[in-house]
Every structure is written in structure tokens, then in C-alpha cells.
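Residue numbers (my numbering): 36 to 188.
Hints are not guaranteed to be accurate.
Computed beta-carbon distance windows for the label pairs [said to hold, decoys possible]:
id, residue 1, residue 2, range
1, Pro102, Pro58, 32 to 42 Å
2, Arg40, Arg158, 32 to 42 Å
3, Met179, Arg99, 15 to 25 Å
Simulated crosslink set (EDC-like; lysine to aspartate or glutamate; CA at most 16 Å straight-line) [unchecked claim]:
id, residue 1, residue 2
4, Lys131, Glu166
5, Lys131, Asp157
6, Lys131, Glu159
Just so you know, these hints were derived from the structure itself, not from any lab. Yeah, the Cβ is synthetic: ideal placement off N, Cα and C, and Gly gets one too.
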Amino acid sequence: MTDFRGAWTEDEVEAFLQEATIPIRIATHRPDGSLWVVTLWYRYRNGSLECATGANADIVRFLRHDPEIAFDISTNRIPYRGIRGNGTVDIAPDGKPVLRELVERYLGGADSSLAQWLLADDREEVGIRIEPREIYSWDYADRMRADSDDEST
36 MTDFRGAWTE
46 DEVEAFLQEA
56 TIPIRIATHR
66 PDGSLWVVTL
76 WYRYRNGSLE
86 CATGANADIV
96 RFLRHDPEIA
106 FDISTNRIPY
116 RGIRGNGTVD
126 IAPDGKPVLR
136 ELVERYLGGA
146 DSSLAQWLLA
156 DDREEVGIRI
166 EPREIYSWDY
176 ADRMRADSDD
186 EST
């Protein structure tokens, strides 16, 4: 069960996650204990965040060693808003179905050379499913709007 806190209701968090086509930043531990951050495309489905990446990617090895993660999905343009949280990861051996949906979500279709490269038959993909434990939302729209109003006077 996810603990939702912050500026938004659970429904507002879910709406943001469904609508936002910005990447997720995942923080994990490397086997030596140091921290690592990776950015991936995601989709929100049934209370989980799902990603796909190459089966041989370093992040896959790190997550298999330690499935505890922290994450951030936030806008890079004013007004800043988003979520951050923590949870655990499960890795599925066949990430192609998730990747196909991510290509559609982020690229708008599979016609581009990037989409074709990502979906090539010789690429082995795994699925990464994040089960959030805590989600904290923030939205600086009101504060930033007030600041920009002050500057215009």
C-alpha cells in the first residue's frame, strides 16, 4: 500500500503520472554501496511504475543486487511540480511489451529510427516494475505565479 503525502490527492498524483511524458529518475545503490541515478521512460499502471531497459544495462545488475530505490518524476520548466518517493523493484525477463507502449507514449509511434532501433528483434529488454511505498507530491504553481506577478509590477 502506497502512502501518499504532499500537495496532491492520490487521484491528482495518478492523473499527473498518466499525463506527464517526462522521464523518471531512479536512484539505487551499486554493489559497492555508492549511489547511482538513471533516467528512464515510464508508464503508470495499476498503482505501479513500469519501465524497460536493455537486459545488460548496469542498472539491471544494480537493481538485482538491491531492489530498494528512490525516484523522482518532476517538470523541468516553471512552474515546478512533481512527485518523489521510494519503493522496491521487480525485474521481468521480457520488457518488449512495456517498451512498445513506452515508445508509443514518448515518441508517438514506432516510425522513427530511434523507435525502430529500440524495438529491434536483436535487442533484449527487461521490464522494471516499481512498487511505490511512499509518494510525496509538490506543486509550486501558486508560489511561482505570485513571484512572477510581483516581478511585473
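When the structure is checked against the list of hints, which entries are broken? Sort them ascending. Numbers 1, 3, 4 - these are the hints that the structure violates, sorted from lowest upward.
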